[in-house]
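Chain C is already provided as a structure; the job is to place chain F with the ligands on it using the hints.
Residue numbers (full-length UniProt numbering), protein chains in the order written: chain C, 1 to 252; chain F, 1 to 307.
Each hint should be verified, as a subset may be incorrect.
Covered by chain F, according to a simulated footprint, are these stretches of chain C (three or more residues, beta-carbon under 8 Å) [what the hints assert, rightly or not]:
| id | region |
| --- | --- |
| 1 | 11–22 |
| 2 | 89–96 |
| 3 | 99–110 |
Simulated from the structure, these hints should not be mistaken for laboratory data.
Since the structure is predicted, the reported quantities are computational estimates derived from the model, not experimental observations.
Backbone N, C-alpha and C fix where the C-beta goes; we use that ideal spot for every residue, glycine too.
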Amino acid sequence: MTFSPAPGAAPVTRMLLAQTAFETRLLLRNGEQLLLTAVIPALLLGLLAAVPVFDTDGYDRVDFLVPGILALAVMSTAFTSLAIATGYERRYGVLKRLAAAPLPRWSLLLSKALTMLVIEALQVLLVGGLGMALGWRPHGSVFAVVILVVAGTLAFAGLGLLMAGTLRAEATLAAANLVYLLLLVLGGAVIPLSQFPDGLQPVLAATPTGALAEGLRAVLADGAGVPWAAVGVLAAWAAAGMAAAARWFRWE
Amino acid sequence: MSSSPAVEIDGLVKRYGGRTAVAGLSLVVSPGAITAVLGPNGAGKTTTVECCEGYRRPDGGSVRVLGLDPHRDARELRPRVGVMLQEGAGLYPGARPRELLTHLARMYAHPLETGQLIEWLGLHDAERTPVRRLSGGERQRLALACALVGRPELVFLDEPTSGVDPAMRRSIWDLLSQLRADGVTVVLTTHLIDEAERIADQVAIIDDGRLVATGSPAELTSSDESTVQFTGPPRLNLSTLGDALPPDAVVRETAPGRYLVAGTVNPQLLATVASWCAAHDVLPEELQIGRRSLEDVFLELTGRRHA
Ligand SMILES: Nc1ncnc2c1ncn2[C@@H]1O[C@H](COP(=O)(O)OP(=O)(O)OP(=O)(O)O)[C@@H](O)[C@H]1O
Ligand SMILES: [Mg+2]
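With the rest of the complex left out, here is chain C (with noise of 0.2 Å):
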């Protein structure tokens, strides 16, 4: 072998894809990240629809639930697991030394950008598949939804970013799964914000997880067009995050 030397970069777009590919397969493979994005949904999903815990604000149970699943699917993969995942790729000088690849900056946050879409899509089709098991009909318009999808993912990821460039490792694990649990329950996704108080339900209804979960019941339950007051409280949400992010994430 020699190592003679003969130094290029490979053309972006493979690396994009190299490293998209690369970050989904390890993803696939955390038994961790596995538990929230895929099985504690699809377990909610299951549970709830079977046993009669809460009300479902006048729907179908399954036409309540699914929405408010897929919600919290979304934060799970686009908040939870990206803030896990990156908060230990940086404690574990992983960003350095990806720094120090060819991969330009702007494409490593693009490819975790596609590595979310990604996920997100098999969480589509598993608590999708299985709300159809359950008698779910899907209705709607997809287009609305792919944007309601897509501004969730990009609200969800700035903050998650956030926490995962500013805090230490540990406390991001804690701190997203914290408030995973918290939006949860608080978010629309599987009680309906009418239990809440009264004054209680602007402020849940503005979070991202109660915009996008009120947002897909609105196109998947009702069949309205695109819910352009949930897209506007994802983009600001996301506005913000990325903003707050970009000033504050520290790469080492």
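Just chain F with the ligands now, kept in the frame of chain C:
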């Protein structure tokens, strides 16, 4: 091979908060050679190397790598420069060695064949073990492989052999010689004097953020000075011997019961040592005269402050 320097550091200053980690260091690295940056803990080796890698911005002075600015020209430099971080940091903990190398290889135009690289570095048995379960030495070797896979013309290796067993250290030395033979410029940091002495073409001794000596191992050890060494009871009070010696000579206990006198060795010096021993009822066993080793030079340049 062009003869312009591979790395040119000129008056580099780097501060962390109030403390100065690198204090006006200048160093020129010739292409195609192995340069060892040798220094004690906290000397500023990593800081210096990381300024060259573009991780840290100098507070003063300048750094040129392959004639380029590590920050402004980072994009152009990245494919040309291989990096191994200290302690083999930066490996995805959940990845396996082979898939990680294969992945990194995809980022380069003409990468090395990963299977061969794994063989070279003796990682065959560990190629499917997740990084987080690798031993320290395996992790080091994987990080080294990652630095090489893109076929760079220059590599910065921060302590490539720390935590590696002696046999593997030897094979890493062989690998480094092979790199040089193939025309790769190697800059490495180390605490190990024998490592620097054995494999480096150029040794840069740094201490306290400053370059205290540089040259080939032969240049560093050749001087009129040589040494007298002897063993005796540990913790002798050497102050009276120090006073009796000529001003250019120094004496130190290098290890318990091992003494080293460095200076211009002549019959008078030897007589001074012998009569001091007689006066103190010390039998100087294993008395010998020697040329200074790189270790002597290193300890003399960096050790006095710590002694
Ligand atoms: N990020 C940092 N913040 C504050 N101080 C730092 C930082 N990095 C290094 N230092 C300090 O700068 C000095 C030089 O550190 P550096 O890591 O460059 O030394 P080194 O020669 O590589 O040491 P070692 O052999 O232990 O790796 C040390 O005193 C260290 O404590
Ligand atoms: Mg160091």
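Annotated coverage of the region 99–110 of chain C by chain F, confirmed only when three residues or more have a Cβ within 8 Å: holds (count 6)
Taking 8 Å as the C-beta cutoff, is the stated coverage of the region 11–22 of chain C by chain F satisfied by three or more residues? holds (count 5)
Within 8 Å of chain F (C-beta), three or more residues of the region 89–96 of chain C: holds (count 5)
The structure agrees with every numbered hint stated previously.
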